[in-house]
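Protein chains: 2
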Amino acid sequence: MDTSTTSPINKEKIQSISKEFKVISDPTRLSILFLLQKEELSVGNIMLALDMEQSAISHQLKILNDSRLVKARREGKSMVYSLDDLHVFSILEQVLTHIKEQEQ
Amino acid sequence: MDTSTTSPINKEKIQSISKEFKVISDPTRLSILFLLQKEELSVGNIMLALDMEQSAISHQLKILNDSRLVKARREGKSMVYSLDDLHVFSILEQVLTHIKEQEQ
DNA sequence: TAAACATATGATTTGTTATTCATATGTAAA
DNA sequence: TTTACATATGAATAACAAATCATATGTTTA
Numbered sequence: 003m004d005t006s007t008t009s010p011i012n013k014e015k016i017q018s019i020s021k022e023f024k025v026i027s028d029p030t031r032l033s034i035l036f037l038l039q040k041e042e043l044s045v046g047n048i049m050l051a052l053d054m055e056q057s058a059i060s061h062q063l064k065i066l067n068d069s070r071l072v073k074a075r076r077e078g079k080s081m082v083y084s085l086d087d088l089h090v091f092s093i094l095e096q097v098l099t100h101i102k103e104q105e106q
Numbered sequence: 003m004d005t006s007t008t009s010p011i012n013k014e015k016i017q018s019i020s021k022e023f024k025v026i027s028d029p030t031r032l033s034i035l036f037l038l039q040k041e042e043l044s045v046g047n048i049m050l051a052l053d054m055e056q057s058a059i060s061h062q063l064k065i066l067n068d069s070r071l072v073k074a075r076r077e078g079k080s081m082v083y084s085l086d087d088l089h090v091f092s093i094l095e096q097v098l099t100h101i102k103e104q105e106q
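Protein chains in written order, with the working numbering: chain A, 3 to 106; chain B, 3 to 106.
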């Protein structure tokens, strides 16, 4: 199917794509996503793993949460975050493959 | 294959992925890529299509060119740009599908 | 070969995003 | 029921990226 003619790209679509990519183009947020791919983690544990300030982590988690890439649940005093949208990883896999190919 | 255990994500890899996404997360650059998907275009024609300043277009084309997403050739007085890496579009297609799914 | 045209590019300005700082909120333990 | 602990959040600052401005470079035409 010829997407270039059947679905013209308008400004709104460009903006949506742009926003999606912006969320996953920040190193801190990417690191969080990869950490959570292995296991769910509390904010404190993400802090320790990335060696960053609590506030910085929380702010980035909010962005990830707002775009429904992660979800949170309370566990006692801490908040435990986990992935909510596995779809990003198929995209990340593609990019990783691409990077690997270009390295050769 | 379990990529989470066989290929640990290090800081350099995070940076590479981040850079790749940053290139395709700017609306102007995305617009240029979609324009070039249909046909190769001179800087002047891209200017007209996006209604933006020549310098802004040139600066963004440079970034796209540096990351080997587009290539340029001279044609008389003008420079004609075309896509150099169709791979991005498989990623863009995925994101578009994702957006479409979430809309429903 | 001077003028006009098309694009590139460095420097500055403007806009955006991430981090930090200070503090608020919510939960559990003393 | 005060204190400690864990996280969230608004405001300020710092870092970064895009657009603009001014001008340089390269090509064609008069």
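Keep in mind that the hints were calculated from the coordinates and are not lab data.
Heads up, a few of these hints could be off.
Note: identical chains are not told apart, hence a pair may lie in one copy or across any two.
[Stated by the list, open to error] Straight-line C-alpha distance at most 30 angstroms; calculated BS3-like pairs for lysine-lysine: (1) K40 x K79; (2) K15 x K64; (3) K102 x K24; (4) K40 x K13; (5) K102 x K79; (6) K13 x K102; (7) K40 x K15.
Structure-based check of all given hints:
1. In this homomeric assembly, K40 and K79 come within 30 angstroms of each other (Cα to Cα) only inside a single copy, at 22 angstroms, whereas the closest approach across copies is 54 angstroms.
2. In the homo-oligomer, the alpha carbons of K15 and K64 lie at most 30 angstroms apart both inside one protomer (23 angstroms) and across protomers (24 angstroms), since each shortest distance falls under that limit.
3. Proximity of K102 and K24 under a CA criterion of 30 angstroms is satisfied in both settings, with 22 angstroms inside one chain copy and 18 angstroms between copies.
4. Within a single copy, K40 and K13 get their C-alpha atoms only as close as 37 angstroms, which misses the 30 angstroms cut-off; across copies the closest is 16 angstroms, which meets it.
5. In the homo-oligomer, the alpha carbons of K102 and K79 never lie at most 30 angstroms apart, since the shortest distance is 41 angstroms inside one protomer and 38 angstroms across protomers.
6. Only between protomers do K13 and K102 lie at most 30 angstroms apart by alpha-carbon distance; the minimum there is 15 angstroms, versus 32 angstroms within a single protomer.
7. Taking the shortest Cα distances, K40 and K15 sit within 30 angstroms of each other only across copies (17 angstroms), while inside one copy they are farther apart (32 angstroms).
Going down the numbered hints, you'll see the structure goes against just number 5.
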